[in-house]
Amino acid sequence: MTEAKPLQANVTGGPTKRSARSVFAGLEIDGRLFGMIAALAILWVAFNFLSDGLFLSPRNLWNLSVQSAAVAIMTCGMVLIIVSRNIDLSIGSILVFVALIMGLMQTEWIPNTLGLGLNQPYTWIVVVVVGIAVGALIGALHGFLIAYIGIPSFIVTLGGLLIWRGAAFLLARGRTIAPLDTTFQLLGGGPSGSLGETLSWLIAGLAIVGLIYSLLASRRRRRRYGFPLRAVWADVALGTIGSVAVAGAVWVANSYPWPPALAAAYALEHNIPVPPGGLQIPTGIAIPVLIAIGIALGMTFLANRRRFGRYVYSIGGNPDAAELAGINTRWTIMKTFIAMGVLAAVAAAVTAARLNAATNGLGSGVELQVIAAAVIGGTSFSGGIGTIAGGVLGAVVMQSLSSGMVLIGVDTALQDIVLGLVLVAAVGLDTVLRRRRA
Amino acid sequence: MSASESSNAMTASPRTPLVEMRNIRVSFGGVHAVDGVSVDLYPGEVVGLVGGNGAGKSTLIRALSGAHQANEGEIYINGQKATITNPRDAKTYGIETIYQTLALADNVDAAANMFLGREITTRLGSLNDAAMESAAREVMRRLNPNFKNFKVPVKSLSGGQRQSVAIARAVHFNARIIIMDEPTAALGPAETAQVRDLVMQLKSEGIGIFLISHDIHDVFDLADRISVMLQGKLVGTVEKTKVTKDEVLAMSIIGKLPQEVSETEMASLVN
Amino acid sequence: MSIRKVAAILTIAALTFGACSSSATSAPGGASGGCKVGVAWATFQEERYGLRDEPAIRAALAAGGATYIGNSALNKADIQTANVESLIAAGIKVLVLNSTDPKAMLPSVKKAVDAGIAVIAYDRELESAKALFMTHDNVEVGRMIAEAVTKAQPTGNYAIILGDKTQTNPVFLRTGMAKVLDPLIASGAIKIVGEQNTPNWAADAAQTEMEQMLTAANNDIQAVLSENDNMATGAVAALKAQGLELKVKIGAQDGDKAALNRVALGTQVVSVWKNSADLGTAAGKAALELCKNPDISKVTGAKAVKTSGGLDGYGVNLNPVPITQDNLQVVLDAKWITVAELCKDVKPASVKGCP
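Protein chains in written order, with this note's numbering: chain A, 1 to 438; chain B, 1 to 271; chain C, 1 to 355.
If we strip away everything but chain A, and leave its shape as in the complex, we get (with noise of 0.2 Å):
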């Protein structure tokens, strides 16, 4: 504060002011987002309650994490996708014409077709690579046909629904490819696809040096231009809260081991000793969580920090306005659209992955799950407003519904229905408190 410029004069209130408000306008918390992870937190006790404890066993919010991974990566781009007042119904399709081609290329086009054979170390790399290039391609013909041509997204991408789905039935006339790479294989998941402790403890130290760091950071740009600090014991709360968060996450995925039968086997190939009652290896987070969790960070970063972001959400608040400002709006457009298919290609392989094989049925539907999370979200269809954090949360929402309510035994025609009034309930709440608000 001592170099605060004069400006310092003309800002309002003092920090003390401001925090005393109340405790939320003090740590400047999304109250929507807080809202929404206290339903989650009540949906998740519920659950535990009504499954004899078993829904908050680390065993089941391992799995949970891990089936929540591709909808939410998929969702961080179909936020910005709907915030730009945009939508992409082709996302299931490119998931399965990308999870052909990677599948192929493994076992046939680079062992048979080049001749250098199965399981090769550099396999995994070239596929991904591949798919993520094919999914960057097809979401930039329907970028450029809906941003330059003028084609309304929901044509452009209803077509693409049925293009690449008819295309990747033809890509291997319907056949189950299997098994595929053991190298890709881990990023699908499963306790050999997973950290192990060591490794995920790094990971929760890392991240919380990083958000020690970023508060931090936070304070000293606020200082050095003189604005308003956030109360000292708001910042001590906000970080004792995501540390704690951080580490009890990993705890959990620590906390569940290795199957007894994939341990035995593991023992047994490694000479290791089986202590009474099994070999305890814990999995730790899993690998398509943390590809999740980085794509999550990757896209708030470029939503909230970067040009592009900013040109997104100005777009979808105002076109016209976003136009006559000088943005380059049909680029920002189909670079959504980019987005959306690498996304789309990262979630092909994480669920071929997981699978161990591409199918010509994956992804069917995904469309809208994933329109849903972002809905549930906090995502408005008319534009401009929804966060890439609210989606993820709308994800693990979405998947802790389904697979708690197959954990229950849940009769699968009533799991629908339950679905589907969540959804509308999620946004009938939202509309009507955000009406009030205004």
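A hint or two may mislead.
Selected chain A positions facing chain C (Cβ under 7 Å, derived; list incomplete) [what the hints assert, rightly or not]: (1) Gly-174; (2) Gly-190; (3) Leu-262; (4) Thr-359; (5) Gly-361.
Worth flagging that the hints you see were computed from the coordinates, not collected in a lab. Where a beta carbon is used, it is the ideal one built from N, C-alpha and C, also for glycine.
Dock chains B and C against the given chain A, drawing on the hints supplied.
Okay, now just chains B and C, sitting in the frame of chain A:
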């Protein structure tokens, strides 16, 4: 055409005009919204553009701001021929526009709107929101000291505050030419007075201003010269000190210069 | 945009697809005097339809001098309704309907019959006495899955992964399974600990279901009955993540190449094989007979059958074959799968049929 030439003669200034638009024509599907109009603007001068609805004044000015492209005609900035095909081009020539609709992205805050398309970034290319907010606060201190809501989406601001944001965006980037399209339409009396003060201040800094308004009183208060349009054509450009409000009104309705209007026409208008 | 418009767009696109995969459409009325046979496919999602059934029907029709026209409906009844209309408009004499829905397609059947077109219900039932139901006996398929799995695992906890709840095949299959399972449940030998329908018969959805059922039962599951091989792919992936793929006995049906490979590897007990190519050939031949005489009761092999709803109709049933490690040679002899595909990653000389 003869009208604009005569106006040049009247100004009799040896300086190069800041803006010179020559024979501008803008058509929409065969209809000439602007038909061969020529206007000019000198440093430190306010030129009022008046005319009824559909006279073509907004369309003319949108050809200068890059929102529409002219089908025919030439634009000279500081005597140099300029090509303006989009809003970005206009901004590189130092032309800033305050649109009647304000053209704000409602869902982002004041600083984000002010710097939209011209964000301040860090060395690594990330947005420097703190620097932008700081600059926004500084500009606002000059324009509207009562403005305090820097952290909220502009949707939740009052009409006057939104106007301040739109004006702040125009003045912050060292504009040489500012276009104001109905700048006081949404404002109360106090805020309107503020805009007048601002126009006078900008004028004193050597900035040229095109002021579009259907309110002749406004224009008479602020403008040095007045260009009148009717049905896409320029009726003429006159110096404010040499005409009366009624004469300008007559130009915008009858489409004739004051010296061409007959007494009976004038009388019927006044009644 | 209204649902109707969306459906129309989907229809147009689906028709375009049909055209892509069936070049015959490009030359309407080409085969002079030849009979025109229209095939309305429900979907090409599963491996078999595009790879086996369609080529077999085409070949049988071509051999008899008839013309093939086809389209696909993305598993949607409204699209298929429009697809059938366009086939009728194209002047077909026989409609082979691979139905999306046993009841929703009845107006289309009536429209065809009214136009003097003979109708074959292909592989999926229609709740109509007017259509000749040609299928592998799906109740029998379900029974065979359960029989092979209970033979390998006569006691313990069972999980069942059912197909899409909007179709009748899952019910037939489940009925067949019950014939074997019910006495064992009654005697207390086995217990069903989980049973889930799977939207779109999707493998990734089946994987999640299997994971949750394993979690709920704390891995205390000894056998899984899956209603098709595609979903078994997902279930086996979930078992593999728990290291259980060789311990838990799983059975399914379709004869998918990946599933037959699993049978050879020992990670799947049985894949009940319905030679879809045989069904396609039989349907093609039946269509040729119907071109000459549209009376479905006169088709070779037609027997009186009852529909699920109790109507008296006619059907042709082909018998399925359960493929286990004991009879892999059958699929090799039928050239259904190559040795390399069947025996990928199989330990040499460990299984009959693999070198």
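Hint-by-hint comparison with the structure:
The beta carbon of A/Gly-174 is positioned within 7 Å of a beta carbon in chain C (closest approach about 4 Å), and the interface hint is therefore held. At about 4 Å, the closest approach between the beta carbon of A/Gly-190 and any beta carbon in chain C falls short of 7 Å, and the interface hint on this residue holds. With its C-beta approaching chain C no nearer than about 4 Å, A/Leu-262 sits inside the 7 Å limit, and its interface hint holds. About 5 Å separates the beta-carbon of A/Thr-359 from the nearest beta-carbon of chain C, less than 7 Å, and the hint is met.
Restraint check, A/Gly-361 versus chain C: the minimum CB separation of about 5 Å is within 7 Å; hint holds.
When held up to the earlier numbered hints, the structure conflicts with none and fits them all.
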